[in-house]
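In order, the protein sequence lines correspond to chains A and B. Heads up, the first sequence is in the working numbering, so the first residue is 1 and it goes up one at a time. Heads up, the second sequence is in the working numbering, so the first residue is 591 and it goes up one at a time.
It should be emphasised that the hints constitute simulated quantities derived from the structure, not laboratory data. A virtual CB, placed ideally from N, CA and C, is assigned to each residue, including glycine.
Chain B is nowhere near these chain A residues, computed Cβ spacing over 10 Å in every case:
| no. | residue |
| --- | --- |
| 1 | Gly29 |
| 2 | Asn160 |
| 3 | Phe164 |
| 4 | Ile208 |
Beta-carbon label-pair distances, calculated as ranges:
| no. | chain 1 | residue 1 | chain 2 | residue 2 | range |
| --- | --- | --- | --- | --- | --- |
| 5 | A | Arg7 | B | Asp667 | 46 to 54 Å |
| 6 | A | Lys212 | B | Val642 | 52 to 60 Å |
| 7 | B | Val642 | A | Pro435 | 50 to 58 Å |
| 8 | A | Gln589 | B | His635 | 46 to 54 Å |
| 9 | A | Asn422 | B | Asn629 | 35 to 43 Å |
| 10 | A | Ala469 | B | Asp744 | 52 to 60 Å |
| 11 | A | Gln437 | B | Asn629 | 45 to 53 Å |
| 12 | B | Asp744 | A | Glu512 | 48 to 56 Å |
| 13 | A | Gly293 | B | Asp747 | 36 to 44 Å |
| 14 | B | Val642 | A | Glu574 | 45 to 53 Å |
| 15 | B | Val642 | A | Ser278 | 31 to 39 Å |
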Amino acid sequence: MQSFSFRLNTIIISIMALILFLVGFYVAGLMEKVYVDTLANRLTREANIIATSIDTHKDIKAFAPNEIQRLVNRFSESGNSRITIVDLDGTVLADSEASANRMDNHLDRPEIREALSNGRGQSLRFSHTLNTDMIYVAHVIGFSEGHPRGIVRLGLSIVNINEFIHNLWYSLALGMGAALLLTVIVSLLVSRHITRPIVEITSVARKITQKKFDSRVHHPGVGEIGQLAYALNFMASSLESQMKEIKENEEKLSGVLNNMVSGVILIGESRRILLLNSAIEEFLGHSEKALIGKLHIEAGLNFGLSQLIDHCFQTGEKIRDEVHIYYPQEKIVDANLAPYTTDHGEVKGVVVVLHDITAIRRLEKMRSEFVANVSHELKTPITSIKGFAETLLDGAMEDKEILRQFLEIIHSESERLHRLINDILDLSKIEKRLPHQLSVVDIGELINVIYHNLEAKISKKHINFIVPAIRSLTIEGDRDRLHQIIVNLIDNAISYTPEQGTIKVDLVDLGESIQLSVKDNGIGIPKAEIHRIFERFYRVDKGRARNSGGTGLGLAIVKHLVESHHGTIKVESEEGNGSTFTLTLPKAQP
Amino acid sequence: MKRQSFDEHLEHLHRTLLSMATLVEENIIKSVKSLVDQNVVLAGHVIKQDEVINALELEIELGCFRTIALQQPVGSDLRKIGTMLKISADLERMGDYATSIAKTTIRLKDKPYMKPLIDIPQMATIVKEMVRDALNAYIAGNQEDAITIAQRDDEVDKLYTIIFDDLIRAMSNSANIHQGSHLLLVSQYLERIADHVTNICEWIVYMKTGEIKSLNL
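Construct the complete structure from the given sequences, taking the supplied hints into account.
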């Protein structure tokens, strides 16, 4: 496509050229005609004068040839035209520039023939006598009186006229060329003035489509084009601000979405994923980018969830349900689905929000298991107390021996109940994280005190108890709590060590912290269950532990207390070869 | 116009097949879980879900035949539909094996296992990964992946041999024969599921290349 300015220029220049050409032709033709006419008129007038003057002198037939030739010569001296006198037969009587008797009969000349019928004649032709273009005017002598006697013919070379006309043509062409050149320049300037804003507007419009919203038309021009340019600038700035707004909104949205712990998916009408947040990766095990544009069934590969999504599309209702995800990790997910609809109630998409409730479900399970365990633990002593008491009431109390034996059992069972309830209360107190009463505690001395308290139990089982080499080591902590930790560990070791076994308590100063270990050579813990021993009511050997009077809460309490002192506890154990509990406690509490 | 409707048909079939596939996958996972935890409720759920799988297979088969009859697809489109037909049949069989495992759970519910199940869950883990990867390969139409997935069948076969030997040894104690023979069947079911995954992989290769290649070497 040719440019607008090129077309504009072509049109203006060709119209101008055509006009100048036509005007030039017309003017040149007109001038030529006027010139020739004037010339012819002059010649006619001259011919008339000559004719009249000849006529008034005498009759043409009366002239002697020389006399008429002289007359002609005289006339021709006063003008620059050629004068020829012809009689009615066409015989040349005299000529100013040629010898009359050598000339042909002139009756066939067009101007003479015309003059014979009209009184005067005119003709423009080439003269063979003079070898030049001539204009001839003939006049009949005495035609007006009705007695024609002869013909006067005047001839004039039009070489001069042709020259004049050529000059005229040249000057016209020159003027027109100059006018055309001026037109070209003006037209170029005008078209550039018109098209420059258009070119600029076009380039700005292109830039806007390339999302360069900051581009503007800097030379808007005037008139309608100027208005167009201003409108475009206005559009660009409004687009710029709108895009900025959209971008900000997008940033806000993605900021909210990506900082959410819950997974969010937006599914479009074609059942393909339009939008999701980064949290979804944990649910579905694929990166955000890999999922966009996929069918929801392809992305999730979860039957339950996909069924819910399809159901939501069909009914257009909000759905809340629990979904099990098996891949990449097993998860229980609380899925909330809501459709987003058009004004006509058509479902355009579904928003899915997923909450990971695996931990909540596990805690709930643990709590219900705890309640079941507590009830079970409480039930055992109460059943036996109830049973023995009922037996006594049924008459066994009469037998002193049985009465005593049964009362002892009832006493020991109620002791156990008491311990159990105390442990449960302890545990709940510890779990409430009540503040410690911090003081400087000498662990070495504490171990010594505990050893003396438990000495009876130790010697009863003939256990070889090795006390640590370090007799004194102080740390910051709650004395009663630390006492409870060490008692529980040593008591456990005594319970699980057979008679004549060995228990070794060791204390190591690590600088910033201390390390206390209790090693026994008892029954040990099976590898598969080692991670469970800190669970409440967990027992490695169910029968034995209950006989030994444990509540199943000791290690759970120890773990909580150690952690509340910012320490750690770990266990090494081999089934049948004993276990080692190692705890590390910092010397100073933060 | 006609073309668009054909693509819609194909996409609908694709979605249904994937629904079926995910359901089968979940049933396999659940059935093994129910077996390990001796969870009879979950096993019952698996058995019930198998009806849905069978209904979905029927829907896919009818849909495929209808599409072939009405649209008369050729070339790669025909291969796609053929592949769907074959894969749905494989998936249905896999679903049946999951049901069989769930039924085993119910048969073995009364007694604790002679020892905790370790190798069977391990085998199940490989199998379910194979199923998941095969589904992804089908979605992506990736025949290279399909070939590597099929090679994992060897791991399953090895584990099957180990489990087989273990159980035979355990069954020398006659008290274990009932449990042992059922667990033997379970390991066989898992092995068969892996074989069906290999079949699916073969059909994925066929779908992409038009060549039928045996991947079960």
